[in-house]
Amino acid sequence: MTITVCHLYPDLLNLYGDRGNVMAFTQRCRWRGMPVRIIEVNLGDQVQFEDYDFLFIGGGSDREQGLMAQDMTNRVDNLRRAVDDGLVVLAICGGYQLMGKYYRMPDGNAIPGLGLMEHYTEAGDNRLIGNVVVEAELDGIKTRLVGFENHGGRTILNGTRPLGKVVHGGGNNGSDGTEGARYKNVFCSYLHGPLLPKNPTLTDLLITLSLQRRGRGRLLEPLDDNFEDRANQAMVKKLLGRKA
Amino acid sequence: MNVRLILAVIVARLAMLASRLTGRGRGSSLPGKLALRIYPDILKHYRGQPRKGVIMVTGTNGKTTTNNMLMGILEQAGHKVVANLEGANLMTGVVTAFIRSGSITGRISRDYAALEVDEAVFPLVTSWIKPDMVVVTNFFRDQLDRYGELDTTVKKVLEALKKLSGNVKLILNSDDPLVARLAADSGLPALYYGVLPVQGLSTGASYSREAKFCPLCGAVLHYGIYIYSQLGNYSCPGCGFARPNPDLEASAVLEEGTGGIKAMVRGTEDHWEIRLPVRGIHNLYNALAAFSASLSLGVNPQTALASLGNYLPATGRMESFRYHNRRVLLNLVKNPTGFNRALCALLGDHGAPKQEILIAINDNDADGRDISWLWDVDFEMLALHPEKFSRFVCSGQRAEDMALRLKYAGVPVWMVEIEREYRQAVDQVLNGKGESVGILATYTALWPVEKILSRQAERVKEHDDYSLSSVS
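Note that the protein sequences, when read in sequence, are chains S and Z.
Position 206 of the first sequence, counted from 1, bears residue number 207 in this note's numbering, the numbering being contiguous throughout.
Position 11 of the second sequence, counted from 1, bears residue number 29 in this note's numbering, the numbering being contiguous throughout.
Keep in mind that the hints are not guaranteed to be accurate.
Said to hold, decoys possible - Restraint-style ranges between C-beta atoms, simulated for each label pair:
id: 1; chain 1: Z; residue 1: S269; chain 2: S; residue 2: Q47; range: 41 to 49 Å
id: 2; chain 1: S; residue 1: V77; chain 2: Z; residue 2: K469; range: 55 to 63 Å
id: 3; chain 1: S; residue 1: D225; chain 2: Z; residue 2: H289; range: 42 to 50 Å
id: 4; chain 1: S; residue 1: E222; chain 2: Z; residue 2: D383; range: 39 to 47 Å
id: 5; chain 1: Z; residue 1: S127; chain 2: S; residue 2: M106; range: 49 to 57 Å
id: 6; chain 1: S; residue 1: Q47; chain 2: Z; residue 2: L142; range: 46 to 54 Å
id: 7; chain 1: S; residue 1: K185; chain 2: Z; residue 2: N449; range: 49 to 57 Å
id: 8; chain 1: Z; residue 1: G258; chain 2: S; residue 2: R64; range: 16 to 24 Å
id: 9; chain 1: Z; residue 1: R65; chain 2: S; residue 2: G160; range: 52 to 60 Å
id: 10; chain 1: Z; residue 1: G242; chain 2: S; residue 2: K185; range: 41 to 49 Å
id: 11; chain 1: S; residue 1: Q47; chain 2: Z; residue 2: A384; range: 44 to 52 Å
id: 12; chain 1: Z; residue 1: N449; chain 2: S; residue 2: M106; range: 56 to 64 Å
id: 13; chain 1: Z; residue 1: S269; chain 2: S; residue 2: D12; range: 28 to 36 Å
id: 14; chain 1: Z; residue 1: K62; chain 2: S; residue 2: N110; range: 38 to 46 Å
Claimed, not checked - Stretch-level coverage of chain S by chain Z, calculated; a stretch enters the list once three of its residues show a Cβ under 8 Å from a Cβ in chain Z:
id: 15; stretch: 17-29
id: 16; stretch: 186-196
id: 17; stretch: 221-232
Keep in mind that the hints were calculated from the coordinates and are not lab data.
Glycine included, every Cβ here is placed at the ideal spot set by N, Cα and C.
Looking at chain S on its own, in the form it has when it is part of the complex (with noise of 0.2 Å):
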């Protein structure tokens, strides 16, 4: 069976290297043999969201983030189909916040989001800039995710399971602890990094949910992760120091 991969906006939301998730997921497929085609959608394109196996959202600069947000608008009865049915899907950063009922503007005019989720988030007097450690139990699985945020927007999670726990850095609004959330299999969370390529532990459980939407839930075959795992290693070591 062929693993699908759509990557939403591509042209549109490349801020940050964020493409590098869906590089991440779809090597690690192929590395174990299993064919990866990814699809690439731009604004006004057809899509059937539940034919996919894996949906990557990106975030953009603010005008980017406003076309998306319109086009998204019209797919959004396509998509929550999609999700109520198991799409596992990566958002970040913007698409994180698209996920969510609203962004409120400094100047108090609210931008809805998609509504698929029920985290808010509101403007922030200065950005959340720099590296993050979260600590974060995936299915069962205790791991440490590393990243780099960047982010003005302050997300309420409102109820919404967060991904992790802060360590290090700002997280969701740099008060409640919290870092990005989880709802079914939509992921969400503000790191870039990118996020999946150094956090090789959330990268195959996103691919063994896609699997097991599909039917086909065995076990991943292990891959030797000794460079993902120095370069995540090496990021908790500079901001946790000896306690790491």
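Fit chain Z to the supplied structure of chain S, relying on the hints for placement.
Structure of chain Z alone, referenced to chain S:
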């Protein structure tokens, strides 16, 4: 007599001396930093002192090269010039340059100031010293964690330009929509330079294009040809904004086997042949910027072309070294567009069957703390030609991240090594199996690597024997 000024100058001069004696640092920023601490208003003393004018070069890539070329031309034409030559382009570097060229009482006797100014501090520097001419090279994505998004950077430069009065002349890259817009938006007079867009010049690297939207009305831009990144001939179907017809336009671009590039340049009334001893179309753009600026300042074109023909690259701008029988190339990398250009150059090296590559990545403030841009670089092109390389050694503070990037680009892991220490990393590539060596380093990794390299390898001034051929 201004005691604080004199004190600031003396302290800065002592710092320059200390840096020279100890061999630590290049003494191009710290002196200015100390001077500014003692006397924050120091730049206003240098305002108006250059007799014929102040030229500022800003933009993302090519500032150092363009400014060095311009300074070379002006000196060849017999002018005395104060310039910040080593890429020290923040307030501190500008202040250091003036102090170095001036007297104890802050007097400088120069015709021109040619200042390379970082695009993010351009508003600050221009609030102290008003330029008579501003050269803008291009706007690419660079160190986003420091500046916010590209849109913001361009807007800041534009706002600063709007505050300058009408007798400022702009020298603009017609092929970059983000640069070309500056004239219409600021209302300042402009001279445009560009390269005739023909299919043969077009290269890949589609991922690091910046301007997909019209900077004036927001519609999606239509491109006939991309030269590289977002440079090319563009037009907006919404408002009619389009690539301006350049006042100076290069055509018949040819990468020469001897490691240079040549082209015909058409002006409004004349045309010339331009020859550069450095490779790459990005350097042609830099030369066009410097050439346009110097013509606009009244320099004889033949004088300018002669100076450009003898241009020697600054540290880490495709600098050549020789180690035993191996050619070593050293190049600064700081953003996806520049990195892709450097990779294209390595791949275009038909003369060297196997190359040892060292990539040193740091994440200090000057490098950009966010290194995610490495994933916007098309390293995949390396994996398509494994036969051209013998090994990739990754070094610097983010050596592991670089190695990981190569792995996911499809470079076999047995070809990739992680060596955080520069000395060992340089030793490995110099003494490896490859017949030539390519070293790519981010800003703060470049200087220590260059120091280690220059102790062991000989700097090559003549480009002919050891240069690469075609870039495409």
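Results for each hint:
The hinted window of 41 to 49 Å between S269 (chain Z) and Q47 (chain S) holds, with their beta carbons roughly 42 Å apart. For the pair V77 (chain S) and K469 (chain Z), the supplied restraint of 55 to 63 Å holds, since their beta-carbon distance comes to about 57 Å. Between D225 (chain S) and H289 (chain Z), the C-beta spacing of about 59 Å breaks the proposed range 42 to 50 Å. As the Cβ distance of E222 (chain S) to D383 (chain Z) is approximately 42 Å, the hint placing it in 39 to 47 Å holds.
Roughly 53 Å separates the CB atoms of S127 (chain Z) and M106 (chain S), a value that falls within the hinted 49 to 57 Å. At roughly 49 Å, the beta-carbon separation of Q47 (chain S) and L142 (chain Z) lies within the given 46 to 54 Å, and the hint holds. Separated by about 55 Å at the C-beta atoms, K185 (chain S) and N449 (chain Z) satisfy the suggested range of 49 to 57 Å. Between G258 (chain Z) and R64 (chain S) the beta carbon distance is about 19 Å. The supplied range of 16 to 24 Å therefore holds.
Range check, R65 (chain Z) to G160 (chain S): Cβ separation about 59 Å, and the 52 to 60 Å hint holds. Distance hint check: the CB atoms of G242 (chain Z) and K185 (chain S) are about 45 Å apart, consistent with the given range 41 to 49 Å. At roughly 46 Å, the beta carbons of Q47 (chain S) and A384 (chain Z) sit within the given window of 44 to 52 Å. For the pair N449 (chain Z) and M106 (chain S), the supplied restraint of 56 to 64 Å holds, since their beta-carbon distance comes to about 58 Å.
At about 30 Å, the beta-carbon gap between S269 (chain Z) and D12 (chain S) stays in the expected band of 28 to 36 Å. Distance hint check for K62 (chain Z) and N110 (chain S): the Cβ-Cβ separation is about 42 Å, which falls inside the suggested range of 38 to 46 Å. Residue count for the stretch 17-29 of chain S with a Cβ under 8 Å from a Cβ of chain Z: 8. That meets the three needed, and the coverage hint holds. Using a Cβ-Cβ cut-off of 8 Å, 3 residues of the stretch 186-196 of chain S lie near chain Z, which meets the minimum of three, so the contact claim holds.
Remark: the stretch 221-232 of chain S is confirmed as covered by chain Z, as 6 of its residues place a Cβ nearer than 8 Å to a Cβ of that chain, reaching the required three.
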